[in-house]
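Taken in order, these protein sequences are the chains called B and X.
In case it helps, the numbering used here puts the first sequence at residues 1 to 147.
In case it helps, the numbering used here puts the second sequence at residues 1001 to 1204.
No lab work stands behind these hints, which were simulated from the structure alone.
Hints should not be assumed to be uniformly reliable.
[Said to hold, decoys possible] With a cut-off of at most 25 Å between alpha-carbon atoms, the simulated DSS-like pairs for lysine-lysine come out as follows:
no. : chain 1 : residue 1 : chain 2 : residue 2
1   : B       : K137      : X       : K1094
2   : X       : K1093     : X       : K1147
3   : B       : K140      : X       : K1147
[Said to hold, decoys possible] One side of the interface only, derived from the structure: several residues of chain X facing chain B at Cβ under 8 Å:
no. : residue
4   : Q1039
5   : F1042
6   : L1066
7   : F1071
8   : K1192
[Said to hold, decoys possible] Computed footprint of chain X on chain B, listed as stretches where at least three residues anywhere in the stretch have a Cβ under 8 Å from a Cβ of chain X:
no. : segment
9   : 2-12
10  : 126-134
For glycine and all other residues, C-beta sits at the position ideal for the given N, C-alpha and C.
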Amino acid sequence: MIKNHLSDMNLQQYALNPADIEPDLISHISICNSCKQKAETYQQLFSAIEQQATPFFDFDLQNFVLSQIAPRRRVSNSGFYVWLLILPAGLFISVSGWFFGDYLVNLITGISSMTLYLLLTITATFLSFQAFDMYIKYQKQMDALNC
Amino acid sequence: MTNQTDNNFTDQYLVTKILSGHVNMFGIIIKQTERLVAQIVFKMIPVAEDRKDIAQDIYLKAFDKLDGFKFGSKLSTWIARIAYNSCLDFLAKKKLILPGDWNGDAGAQETGSGILYNKSPQIVNDEFEKTLNRKELHSLLQAEIEKLPPLYKTIITLYHSEGLSYQEIEQITSLPGGTIKSYLFRARKSLKESLLFKYKKEEL
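Whole structure, please, built from the sequences with the hints as guidance.
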């Protein structure tokens, strides 16, 4: 049997589901009025949250969205335009490869190891800065949400 | 994963039908997820006028990305995730929230158990119930929930009002399970202490 009062974390767990906490803690609650009442306060709170009125949109969302989808769908079905861009691009790359392929192979195989290391170092440095920037932005967003 | 819906349509059935051209069936998805989306939008977006555009944007995004849905979660969870991310993007663009940490326990020094439980806890609880009838408790609670930061409001609503599991909330918010549990704990404790403090003020 524990003699200290339960932490708020344990009280919340007990209020949610008594089976989730240790039997010793349950025994304590059964004889400690203070902890029992705090747990009951949490139970009342949880019950009140569950019974909160559900918010709803004050317009017909279904019709509103469906009326927007119909014209969008007609536009999005026009895959023809996508192919109209892809085919000339593919043709251009193929022709370039046919005429200048040898130059490209020489460019890649003829590169010195020093140049290769230099390129790799620059790339790695650039990516490190990008990663750091992403992390800072993520932290700022989390801070903003916690305000 | 096949999830039976209220209308006896599985997520898989609905998605397949919509992708094959039965666009109107998207209306069934809207009807089934509107409540969950409203919970997220209302908790995260403070200005009522902005909510209409965001709700529309959420479902248009969902429709556009529907062919990318891999049934790794319930369709409703996937749409709730789009809703959550859309709200986050909106808040970031509008810079509606100020930077800084929420100190959910700040009120504890003032309203902490040391003051509130000077009386016997039994008396405090009984009086708490008597003083605040159910209606008053609900309106007080509503006001206190509104004071929480958007993320806390959303998580506590998803867990307690919508009955979502930790795993589903993880899928929606992309936050680790431990962080979600910690936020829930702080929000509940803050709400409890705020309500008890209100009771104390009303008694005075």
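Status of each hint after checking the structure:
1. K137/B <-> K1094/X: Status holds; Cα separation ~15 Å.
2. K1093/X <-> K1147/X: Given that 25 Å is the threshold and the Cα spacing comes to 22 Å, the pair holds.
3. K140/B <-> K1147/X: holds (21 Å)
4. Q1039: At about 6 Å, which falls below the 8 Å cut-off, the nearest Cβ of chain B leaves the hint on Q1039/X intact, so it holds.
5. F1042: holds (4 Å)
6. L1066: violated (11 Å)
7. F1071: Interface hint status for F1071/X: violated (21 Å vs cutoff 8 Å).
8. K1192: With Cβ-Cβ at 5 Å, under 8 Å, it holds.
9. 2-12: Result for this restraint: holds, n = 3.
10. 126-134: As far as the segment 126-134 of chain B goes, the hint is violated, because 0 residues have Cβ atoms under 8 Å from chain X.
When each numbered hint is compared with the structure, violations occur for hints 6, 7 and 10.
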